[in-house]
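Number of protein chains: 4
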Amino acid sequence: MSYKSIKRAAYEANMQLPELGLVLFTFGNASVVDRSKGVFAIKPSGVPYKDLRAKDMVIVDFEGKTVKGKMRPSSDTKTHAVLYKHWEDIGGIVHTHSTYGTAWAQAQKDIPIMGTTHADHLTVDIPCAPPMSDEMIKGNYERATGFQILKEFEKRGLSYQEVEMILLGNHAPFTWGKTVNKAVYNSAVLEECAKMAYLSLGIRPLAPRLKETLIQKHYERKHGPDSYYGQVE
Amino acid sequence: MSYKSIKRAAYEANMQLPELGLVLFTFGNASVVDRSKGVFAIKPSGVPYKDLRAKDMVIVDFEGKTVKGKMRPSSDTKTHAVLYKHWEDIGGIVHTHSTYGTAWAQAQKDIPIMGTTHADHLTVDIPCAPPMSDEMIKGNYERATGFQILKEFEKRGLSYQEVEMILLGNHAPFTWGKTVNKAVYNSAVLEECAKMAYLSLGIRPLAPRLKETLIQKHYERKHGPDSYYGQVE
Amino acid sequence: MSYKSIKRAAYEANMQLPELGLVLFTFGNASVVDRSKGVFAIKPSGVPYKDLRAKDMVIVDFEGKTVKGKMRPSSDTKTHAVLYKHWEDIGGIVHTHSTYGTAWAQAQKDIPIMGTTHADHLTVDIPCAPPMSDEMIKGNYERATGFQILKEFEKRGLSYQEVEMILLGNHAPFTWGKTVNKAVYNSAVLEECAKMAYLSLGIRPLAPRLKETLIQKHYERKHGPDSYYGQVE
Amino acid sequence: MSYKSIKRAAYEANMQLPELGLVLFTFGNASVVDRSKGVFAIKPSGVPYKDLRAKDMVIVDFEGKTVKGKMRPSSDTKTHAVLYKHWEDIGGIVHTHSTYGTAWAQAQKDIPIMGTTHADHLTVDIPCAPPMSDEMIKGNYERATGFQILKEFEKRGLSYQEVEMILLGNHAPFTWGKTVNKAVYNSAVLEECAKMAYLSLGIRPLAPRLKETLIQKHYERKHGPDSYYGQVE
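Line order of the protein sequences matches chains A, B, C and D. For reference, each letter of the first sequence is one residue, going 4 to 236 in the working numbering. For reference, each letter of the second sequence is one residue, going 4 to 236 in the working numbering. For reference, each letter of the third sequence is one residue, going 4 to 236 in the working numbering. For reference, each letter of the fourth sequence is one residue, going 4 to 236 in the working numbering.
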């Protein structure tokens with residue numbers, strides 16, 4: 004079996020992260036799924052971006068077991084596996100410790116929807132899942148991280164097809180998308196919205212959230228049947 | 004009819020925006036008018052800057068209808084059209100979601116004139132128009148955005164020849180000028196003034212606005228009959 | 004008479020300013036004096052850095068009159084002239100609107116000495132002169148700016164040989180030094196101290212100034228008869 | 004005796020500091036020890052990074068005396084000497100005035116452990132030693148700085164093998180590691196944690212420290228017998 008195309012795609016997505024200023028050293032990882040084979044390609048653990056090669060990507064199944072590859076996969080691999088297994092429409096996942104996104108996660112606060120930059124991409128606050136219980140942390144931590152994300156989406160009644168990002172409380176952002184390029188894009192959007200919301204609340208601490216009509220309008224410009232942003236494909 | 008020169012100018016203006024750090028991905032657009040032909044050239048919607056070519060620019064009339072071009076114009080096209088139609092002295096328009104400018108827009112606050120950097124360019128606070136009414140948002144949104152800008156200038160008694168920038172509440176900055184290069188320049192000036200005002204109020208929350216004599220002096224150094232900044236043209 | 008060497012030195016100093024991130028567009032200027040000839044070379048007004056050439060530098064005397072050069076000198080020229088005339092030991096002057104330094108100037112606050120980074124360069128807060136009186140502003144403004152700087156140093160009993168920088172209230176920083184390279188260096192030091200002090204007070208609003216023994220120790224490491232920083236010249 | 008390899012390693016470590024955005028001008032230094040010879044190689048004092056060459060590195064013993072080299076060693080040399088003498092497991096030391104780390108030092112505050120980015124590297128707040136007594140400052144200042152660091156670790160019961168970084172109150176960060184590359188890495192980690200903690204407390208001033216189970220989990224992922232981050236060596 005050949006995994007060449009997902010390894011190449013995962014490699015290129017990982018290399019975009021430092022270029023976009025979203026990771027320092029090895030603080031991030033991107034993966035790409037091949038659903039026909041039930042596996043995904045992910046960055047090896049702790050390898051600096053400058054030394055990374057496409058052939059180093061590790062092939063892992065949805066239980067988080069390495070299928071092919073000589074190196075250890077990212078320590079966050081099991082979180083990716085849980086999301087791929089339960090959310091059947093996603094094609095790529097990205098995890099970063101981007102500065103502003105992580106600052107909100109450390110504050111254990113949702114990133115409030117304050118403007119149309121945010122509304123162009125999602126209609127709700129960027130959710131922040133609470134830190135896990137001590138039992139979950141002491142157990143299979145990375146697998147539990149995946150379930151913490153699933154649980155938060157269920158609790159809030161969110162659709163992972165519409166809201167493609169989350170903060171893990173005290174940890175950092177995870178994003179996803181139909182393709183890994185969309186997931187990378189979402190990581191940069193999250194970071195920019197995180198910075199803008201930080202600044203807006205610095206300027207006016209009680210600034211209100213965006214009103215509902217503007218949220219709907221901007222989201223519908225880019226998504227759904229009547230969207231008119233971008234080119235017809 | 005040839006639109007080559009405005010397409011080239013619009014292309015080059017658009018390409019300056021990421022270089023000046025004013026746009027992420029496709030979050031911005033610049034346009035250039037040809038008043039003799041009653042049209043303007045604008046960036047196609049959603050095309051990444053790295054893939055953009057001069058020939059992709061779309062030619063649009065002052066009602067916002069595409070006159071020439073295979074691609075969809077920017078989703079903000081109708082806002083540009085309204086401004087070109089009503090403000091006969093402007094040659095170019097730029098829209099960005101630059102970080103600090105957008106943060107002030109999200110806070111729905113004017114950017115106060117705190118120093119001579121600001122006064123070198125305009126004598127008043129950078130105005131922030133309030134978010135539109137629900138009726139305007141649900142209707143012809145981008146056209147209404149243009150009228151919201153016109154209305155705000157009228158209400159405040161501002162001249163668009165003297166104040167070449169505005170924030171749309173909850174949205175982001177729009178700037179313009181006699182040429183598109185001046186509009187690009189204004190976008191960068193707005194962002195820098197937005198950052199400096201943010202920082203000054205962080206240092207001293209009740210810092211006063213610039214006093215009137217300094218405002219007049221600095222503005223007149225650069226503008227009007229007795230200006231002595233720059234070279235004689 | 005040849006002014007080649009001061010024109011070259013002024014050109015190179017001006018070109019360092021955008022490289023060090025201290026100026027946007029044309030918001031700054033550097034000059035170099037030749038005391039044997041009683042003139043200085045300064046950047047022409049309003050010329051973008053990318054178009055600047057050494058031969059464009061304008062030669063001006065200590066009254067602020069152009070001695071040689073086809074272009075208008077910087078609009079801040081008379082401020083430079085006053086400082087060169089009265090402070091006989093300075094060889095170069097730099098004016099920028101660097102972001103954090105200007106933010107403190109807009110807040111009309113001295114930059115407090117909070118750490119050894121600051122004390123390595125001066126033993127006092129970076130002074131902020133108050134905005135000028137309306138009479139001074141309406142009169143010969145740039146000349147008055149020079150006298151405002153002189154007056155502030157006199158009032159505070161500061162030595163321009165020891166304190167090589169000041170903020171003009173509501174305006175921006177001026178720095179100087181025995182050479183123009185030292186003046187450029189001082190502009191970057193001022194900006195870094197301005198940023199660090201801003202952040203420290205954000206972390207701890209009532210953080211104390213640096214204690215006197217540390218101020219003296221660090222300053223004496225780099226300056227005076229017992230200095231041991233750098234190489235013996 | 005040849006010191007070529009430690010001079011080369013020290014040179015390369017020093018050159019990484021401006022590349023990582025951790026130093027302005029000459030505000031930093033890195034050193035590498037050779038324990039078999041009882042010496043370390045350190046940057047010469049006050050030499051700009053762009054002029055630095057590997058052969059300029061100065062060889063110094065653990066009393067801070069120059070063993071070989073024509074230039075003066077860094078003014079912070081005696082601090083390095085004290086740490087090498089007393090902490091026998093460290094192979095390299097780095098000192099910077101990185102912006103956010105120095106801002107916390109100026110505020111005389113520990114950097115609180117707020118998230119897993121921090122916990123991936125150490126299990127406690129990044130300690131900030133108080134400024135020294137006037138006697139220590141007026142005496143052998145740089146040597147006393149080393150003892151101030153040792154004393155703070157002793158007082159808090161910290162292990163220098165586990166906590167590889169400290170802030171000197173009112174001064175700036177020092178970091179170390181088994182290798183100088185680890186020390187450089189630690190300097191960048193400290194700066195990033197300093198920035199994230201600053202932002203998190205801006206978002207939520209009373210945000211709690213990270214809970215103990217998450218601290219232990221993340222630290223053990225990367226360190227200790229059951230670590231599973233990175234590749235098996």
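Note that these hints are calculated values from the structure, not bench results. Computed from a prediction, not measured in an experiment: that's the story for all the values here. Be aware that a few hints might be false.
Copies of the same chain look alike in the list, so a pair counts if it fits in one copy or across any two.
[As the list claims (entries may be wrong)] Straight-line Cα separation of at most 27 Å, DSSO-like style, residue types lysine-lysine; simulated pairs:
id, residue 1, residue 2
1, K40, K220
2, K141, K225
3, K71, K158
4, K154, K71
5, K214, K73
6, K71, K225
7, K220, K68
8, K7, K220
9, K112, K58
10, K40, K112
11, K214, K141
Status of each hint after checking the structure:
Taking the closest pair of Cα atoms, K40 and K220 never come within 27 Å of each other, the shortest separation being 39 Å inside a single copy and 33 Å across copies. Taking the shortest alpha-carbon separations for K141 and K225, only the inter-copy value of 15 Å comes in at or below 27 Å, while the best intra-copy value is 42 Å. In this homomeric assembly, K71 and K158 never come within 27 Å of each other (Cα to Cα): the closest approach is 36 Å inside a single copy and 50 Å across copies. For the homomeric pair K154 and K71, neither the shortest alpha-carbon distance inside one copy (30 Å) nor that between copies (50 Å) is at most 27 Å.
For the homomeric pair K214 and K73, neither the shortest alpha-carbon distance inside one copy (52 Å) nor that between copies (35 Å) is at most 27 Å. Taking identical chains as interchangeable, the C-alpha atoms of K71 and K225 lie at most 27 Å apart only when they sit on different chains, with a minimum of 23 Å there against 39 Å within one chain. Taking the closest pair of Cα atoms, K220 and K68 come within 27 Å of each other only across two copies (21 Å); inside a single copy the shortest separation is 44 Å, beyond that limit. With identical chains, the CA atoms of K7 and K220 are never at most 27 Å apart, being 41 Å at best within one copy and 34 Å at best between copies.
Taking the shortest Cα distances, K112 and K58 never come within 27 Å of each other, neither inside one copy (38 Å) nor across copies (45 Å). For a Cα distance limit of 27 Å, the shortest separation of K40 from K112 qualifies neither inside one copy, at 38 Å, nor across copies, at 52 Å. Proximity of K214 to K141 under the C-alpha cut-off of 27 Å is restricted to the inter-copy arrangement: shortest distance 12 Å between copies versus 42 Å within a copy.
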